[in-house]
Each structure stands twice: as C-alpha cells, then as structure tokens.
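Number of protein chains: 2
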Amino acid sequence: MNEGKIIFIVLDGLGDLAYDFFDNKTPLEYANTPNLDYLAKKGSCGMLDVLRPGLPPGSDSAHLSLFGYDYLTEYPGRGPFEAIGYGYKLQEGNIAFRTNFASVRRSGNQLIIVDRRAGRISGELAKELGESITNEITEIDGVSIQYTHTIEHRGFLVLSGDGLSHEVTDTDPHESGAPVLKSVPWANAKNHNAALKTATVVNKFVKATYELLEKHPINKQLVSEGKLPANIILPRGAGIKTKLEPFEIRWGLKPAAIAAGPLYRGVALELGFELIEVPNITGLPNTNLDGKFEYAARNIDKYDFIFVHVKATDYYSHKKDAKGKASFIEKIDKALEPIIESYEQGVTILVTGDHTTPCKYGNHSGHPVPILIAGPNTRQDSVELFGERYCTNGALHRLRGHHLMPLLLTYTGRVLEYGLRSSPYERIFIPKKEWTPLEL
Amino acid sequence: MNEGKIIFIVLDGLGDLAYDFFDNKTPLEYANTPNLDYLAKKGSCGMLDVLRPGLPPGSDSAHLSLFGYDYLTEYPGRGPFEAIGYGYKLQEGNIAFRTNFASVRRSGNQLIIVDRRAGRISGELAKELGESITNEITEIDGVSIQYTHTIEHRGFLVLSGDGLSHEVTDTDPHESGAPVLKSVPWANAKNHNAALKTATVVNKFVKATYELLEKHPINKQLVSEGKLPANIILPRGAGIKTKLEPFEIRWGLKPAAIAAGPLYRGVALELGFELIEVPNITGLPNTNLDGKFEYAARNIDKYDFIFVHVKATDYYSHKKDAKGKASFIEKIDKALEPIIESYEQGVTILVTGDHTTPCKYGNHSGHPVPILIAGPNTRQDSVELFGERYCTNGALHRLRGHHLMPLLLTYTGRVLEYGLRSSPYERIFIPKKEWTPLEL
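Going down the list, the sequences are from chains A and B.
Mapped onto my numbering, the consecutive letters of the first sequence carry residue numbers -11 to 428.
Mapped onto my numbering, the consecutive letters of the second sequence carry residue numbers -11 to 428.
These are calculated hints, taken from the structure and not from any lab test.
Do not take every clue at face value.
Pairs count within a copy or across copies, as identical chains cannot be separated in the list.
Here are the simulated DSBU-like cross-link-like pairs (lysine-lysine), alpha carbons at most 30 Å apart as the crow flies [stated by the list, open to error]:
#, residue 1, residue 2
1, Lys13, Lys30
2, Lys30, Lys170
3, Lys308, Lys30
4, Lys348, Lys242
5, Lys290, Lys348
6, Lys348, Lys77
7, Lys231, Lys311
8, Lys231, Lys290
9, Lys290, Lys322
10, Lys208, Lys308
11, Lys170, Lys242
12, Lys319, Lys77
13, Lys322, Lys192
14, Lys29, Lys348
15, Lys178, Lys231
16, Lys203, Lys215
17, Lys348, Lys322
18, Lys30, Lys307
19, Lys192, Lys348
20, Lys311, Lys29
21, Lys311, Lys30
22, Lys13, Lys29
23, Lys311, Lys242
24, Lys178, Lys13
25, Lys178, Lys77
26, Lys29, Lys195
Put together the whole structure using the sequences plus the hints.
Structural data, given as structure tokens:
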C-alpha cells in the first residue's frame, strides 16, 4: 500500500485568464482533460497564492514556497539559483547575479537600452563574447569575478571576497529606452558598507563589459550587418549563497525530482532531492511527457515524495500562444495515465502551477493558480473539473504555497498534533534520523 | 486605452447584517443596484477583512490598510489624522488626540460620565466654549498645548515639546456612568518616562478644562435650561505624527482623491494624493454623488489611481437606519453610470467598504466587507449580484485590506515577478523616479 507517498506535479505557469476565442474560458478550462478532471472530482480543489495575493512569483521563489520554505527569509535571490542550476559550485557567502547581454547606445554619459536581450543574439556568438569577458575580467577592487555565459543572451556573475552583500539594486531597468542603472545599496540594507562595496564592483564590471564588448570584432561585424551588438552585460537579481535546510530534515520525506530545466534541478539539488533521470526530457514542448509520469509512478516505492516539473505550459504563455498552451495541457493529461494508477494505489497526487502566466501578458502575474490534491485522505468537494473558475469553489479555498507541505503531511498521516512534541513550529515533523538515544 | 488605470471606490461602513424587514437581506442585498451587480458579474468578488478577522477598523486605520500600509506598524494613531484632516499642520513628533466635549457630574473625588457627547451640543456653543479653552490653556509643565474645536462635540488636542510619547491610555471610558479615566503609560511603552510625562500633562489638561468649563456662562445657561453642560474635554486616540512613505513611491501609481470628510482628505494628503475638488460634496446624504463619480471618470486620464470616498452609507448605519442606508445605496448605484463607462474603456474598478457598520449595532464591527474588482484582467466568477452573501462565493475568497494594492498592480500589469528585480520585498514596484542612471 502506498498510503504515505506523494507525487507533486507542477505545471509551470499553469494559471491563466479567460479568452473570447475560448468562449470565455482559460486554456486549462478549454482543454479536454479527463484525467485531471477525474482527480479534481475525487479530491480537494482550491486556488493557491504561491507567495502572497497579487505578488507574481519567480520560478525559484515559487518552488521554494511550494516546498515549504519562506520566500521572505529563506529565498536567497535569483542569482544563486541561476548559477546552481547550471552546475556551478557556489560557496557560502558568494554573491551571484543573473545577467543578460544587452544592446545599448551612448547618450551623453549615459547608456540607453536598445534591446535588453541584444536582439536575442545567437548562443554561439554570445558564447564567444562571454568567454572574452570571463577571461579578461577576473578581479575588481580585490573582489574575485567569475562571469559565465549559459544560453542565448543569458549568463550569471559570481562575486567572491570578504565584506560583500546581495542587498544591491539592479543595473537592468527592464525596459527599452531607459538608461542602464547604477547599482546602489538597498535603502534598508543590513550592512550598508558591504552593499556599497558590492554595488561599486558591479558598476565597474558593467562599464568594463561595455568597454570590452563595444570594440569586440563580433560586435563590429554585427553592426556592419545592420544587427544589434551585444555590447554590455547587465547584472540583476543579486543573491547570496546560503545553506537551506534539507527537505528531508524539514518534512521527514525522502524526496526525488524529475525536471529538465536547470533552475528546477538547481532548486531540487539545493534542497537535497535526488534527481531521477528520464530519457529525452527537455523542458520544451517536445519533452518526453510519458516518460516523466511513468518514471514518477515507477519510482514512488523508493521515495516518499516525487516532484515532477513540466515546463512547456509556461513556454506557450511567454509566447502568448493560448491555443498552443491548451493543446499542450491536453498532451499532459493524456500522459497522466500512470499517475491515475498511482492514485488508485493510494498515492496522494497534487497538481498545481508555480504561478499564473496569462498568455495575454506573456509574463508571470499575481493571479492565484488552481490546485488539486487527491489521495486516500483528502476530502471530496463539489468541484468536478480542473480549471481556475471551478477550483474557486473547492474545499481548499484560497491557500498559500507554504501551506501545502503541512497539508500533505496531514493527508498522509505523517504529522502529530501541535504541542505533543516539543519542537519549534516549522519542525512539525522530527525525522528519526535526528533522534538521539539516551545512553546509560 | 486605460488598461493600467484604477478607480478605487470606498462606500463607508458598507457591510451590514440581514434584517427581517428586508426579507432576511442586508441593506446592500435589498437595494436595487444594477450597476454594482453588473460590475460584480463581470469581475471578481470576495469578502475583505480590512484589518484582520473580527477586528473592527477605525476609518483611518481602515483606509491606510486599503492603501497597502501596515495598520500595526505604520498607523500613527487616530489623533494625528483628526488634526491633519482639519488642515492643522502637525510637526513630526507632535502628539495628537481626538477629543470630545462631554457632560460629567462630580461624585466624591471622581467625575462620572453623564453623556460622552455633551448631549450633542450645538456646534455654535461648542465653538465658543472651545475658544475659551484654546485661549486659556496654552502650556502645561513646559509642554505647548493646542486645543482646537472642529464640529459639534468634536475637537483635537496637540501637544508639542521634548520627551513626549503617544503611548498613553485614554481618559474617555467610552460609556456613560463610568468615571473619567486617568491617562497612564501603556504597560509596554517604549519610553516609560516620556509616556508618564505625557499622561501627566493630559490629566492636568482634563482637570483644567473641567475647572474652566464648569463655571463657564454658557454651561450655567445650559444647566438653567435643564440641558446637559459641556463641562469637560476628554482626549483619546493618542498618536504621534510620523512620516509615511508616499503612495506613489510605494506603488508607482500617481494618486488622486475625491472625498469630503476631513479624515479621508487627511489620510489622502498624508499619503501624497492630490485632491480633486468636486462642487457640493459634503460627506452627508445630500452630497453631490453624480459629481463625485463624474469627476473620477473625467480625471482618470490624468492619474493612475483615483480614490472616491462616499461617507453617508456609514451615516445611516450609525443612525441605525437600515432603510435609509438601502435607499442611499440605490442613489449611489444610479450615480455610477460614468464609472461603468470607465470600466468599458478598460479602467479597473474596485468597490468595497472600509468596514462593516451593522445598522443593528450603530457602530463599526469586525465582520468582513463585500468587495468587487472588475477590469480587463480580473477573473470572472459565478457571482452575479453585489452583496455580502453573494460575494462569499467569489474568486477573491477572503482577503485582507493590505492585499488589494498588490492585486491591483497584478490586474493592471504593473508588477514584475518576485526576484526578477533585486529589491527588498516591500518595494515590489520601484518607480522610475528612484532610478539612478549609471554614468560613464
């Protein structure tokens, strides 16, 4: 019997708005999803504010919150997850930034954004430009600099040294026509001097990339072809590498993850999940959906908790392709057969999104996401279909991301009543591996 | 296109209980409100705990919370808003109190409340009595005293000087037959000595008003006519003038307000709203409702956010006149035509109350208030009528006041995902005016 096991499925950017061309339905409501509807009917549904009402989650903070970590006090910022996701070994105290290659033009002594993604420069050219930065900028003001290009216009920057802080603002204004910004300490930075030192290094780094890239032969070639140059690197999303409490210690569940996207693998690794490798998963619409869910169902005997991440729902949202999204949701639903079997065998199944990405916006929004939890100990409600408007009337009502793990412990009979054990609130479960026998 | 604009309508004391004489409906449910129902049907509805469940908001803390300020840490107390609302220029550090003229009788060495509002003394007589206090009590123990009469039995008291604190208790027991209370420092006052000094000044002020007023010719005349004398002034609701972060800095929205009541104008001014002056608005049932909503619709091009306050719903609640309230709600609904047009043009419309004031109680209560938000990016739910019991089934479920501003930013596409920008949590929106361009 599997009455303690959990399969936790996150369909990235699942939530959406309703569209006229779908008869005023959302992509999820419009899609034909008999398996999701079956689970919705059997279990409890609701709406989930993954962080808090109105606040659009980033994918990293969203997953931390879904796994029961506090996005305010435990989220280390975007930068570290970018680096970790690409396999970079961050040291505690390292400051990491997400970066973009961008195209800028000079106006007086300011630099104006022409394109935040450098005309979506090819990965090959960006790699070569990136290597020149990696090799030539290795230290500023005694701080060690490690720039790494990842894919397309993207990369990350790691600063290491003493007296640094992640409490600095971004250089990327997030819009064209705006100036490249000066990084400054947060007004409420805990250590102003460390933040000032860090911001100064960041600003010098940005200027140095502009000087090097502006005269780089690749950019001269691009400009001569009438294309946009990748003539600056803009760091943003500063974060500090910290040590997060392992998921298994916090919740007493042995966890595994099935995910292709670097960010999701990075979050899972940081929390001590094992990665289950599935062939041909890509984080794209062509991913091996059948494989993901088959491997989850097949491996649930070996773990207590398997997280399955599907990325491409969000891919369609960012492309503003609601029909593609609905059609992909139907493909997911078809692939869920092994999960239905697991449910029938007593596994508790959770399906939700990490955030809403309305195809109308093409960006994450703060609308809540639909959620279903179906298992042997969930309450059945009146919801019979899985969709935003249906889940509104479900038994879960409107929850926050960090409520899910305690609920799942309750649904799997794994948690004792509050006060019965002497433990701080967050540690409602004390794993046996932390038991210390009394010795005579 | 207006798809980023917000009209934020607060109907004071809107929430209520159901009454037999309304066929078990509340005044809002009983009233015929086609325009409000239209918006409810188009948008998302819910119930709002403006502060927290069960805590009756004051009008000032309620509005702060609705505008996204923390009522626990950012609310400076009632006194300052009373003073500011009447145009008094408070200095930072000033301690302000709301005051009442009251009628007391002596009993031994105590003063017993006969009527907390001095028999609702006429404004003219109160003004003359007030001027005698203003002129004769100007300093106590080296602390500068400024008493100001406002309307009817109401006024405010401002203390200025060094070493003062707002952490002192009230002198008004809030019930007849009880003694006038001695102001004392809060048990947990941060600066006990400052609170003790302030309380001592307050107690001396109260005694001095009794001595002066008891022998005042106006009171002798009132007593000779068999009427209650206004023979004491009771300070309560101590607060300290602080600097609140401007609304436009916090939320990135250029705000304006349409309100007649001094308290609401005071809150708006403190947060940096511009006031839109509408002819013949009064804060009373005879106010120019058409003008309020017409001016809001007409001016939305110039602002991002227009707050419209309608006071008289609460007026009827305090009078325990449910039929008057229902009838006034119908008048409001008729005046909403320009708001419906704004909605059709893409403006996001929010309608709620600042608190429930059951006509049965005649006072604010902690029941949640109904809310609707309708705009191009709100989700439609199953609610088809605007009313307490209908909104219970809405997509917003049960929210808190401080959730509204982030939600409105999401609905108007104005907020980036968490973590994408490096900023402290509270500053999810960084207005451009705070940008510092990088200089070469």
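How the hints compare with the structure:
no., hint, in the structure
1, Lys13 / Lys30, "both (22 Å within a copy, 14 Å between copies)"
2, Lys30 / Lys170, "neither (54 Å within a copy, 43 Å between copies)"
3, Lys308 / Lys30, "between (32 Å within a copy, 23 Å between copies)"
4, Lys348 / Lys242, "between (39 Å within a copy, 25 Å between copies)"
5, Lys290 / Lys348, "between (41 Å within a copy, 26 Å between copies)"
6, Lys348 / Lys77, "neither (38 Å within a copy, 47 Å between copies)"
7, Lys231 / Lys311, "neither (41 Å within a copy, 50 Å between copies)"
8, Lys231 / Lys290, "within (26 Å within a copy, 49 Å between copies)"
9, Lys290 / Lys322, "within (25 Å within a copy, 51 Å between copies)"
10, Lys208 / Lys308, "neither (33 Å within a copy, 78 Å between copies)"
11, Lys170 / Lys242, "between (44 Å within a copy, 25 Å between copies)"
12, Lys319 / Lys77, "neither (36 Å within a copy, 65 Å between copies)"
13, Lys322 / Lys192, "neither (52 Å within a copy, 61 Å between copies)"
14, Lys29 / Lys348, "both (29 Å within a copy, 21 Å between copies)"
15, Lys178 / Lys231, "both (19 Å within a copy, 22 Å between copies)"
16, Lys203 / Lys215, "within (15 Å within a copy, 89 Å between copies)"
17, Lys348 / Lys322, "within (26 Å within a copy, 33 Å between copies)"
18, Lys30 / Lys307, "between (33 Å within a copy, 27 Å between copies)"
19, Lys192 / Lys348, "neither (38 Å within a copy, 64 Å between copies)"
20, Lys311 / Lys29, "both (25 Å within a copy, 26 Å between copies)"
21, Lys311 / Lys30, "both (28 Å within a copy, 23 Å between copies)"
22, Lys13 / Lys29, "both (19 Å within a copy, 15 Å between copies)"
23, Lys311 / Lys242, "neither (38 Å within a copy, 37 Å between copies)"
24, Lys178 / Lys13, "neither (47 Å within a copy, 53 Å between copies)"
25, Lys178 / Lys77, "within (26 Å within a copy, 34 Å between copies)"
26, Lys29 / Lys195, "neither (57 Å within a copy, 53 Å between copies)"
The structure shown violates the earlier hints numbered 2, 6, 7, 10, 12, 13, 19, 23, 24 and 26.
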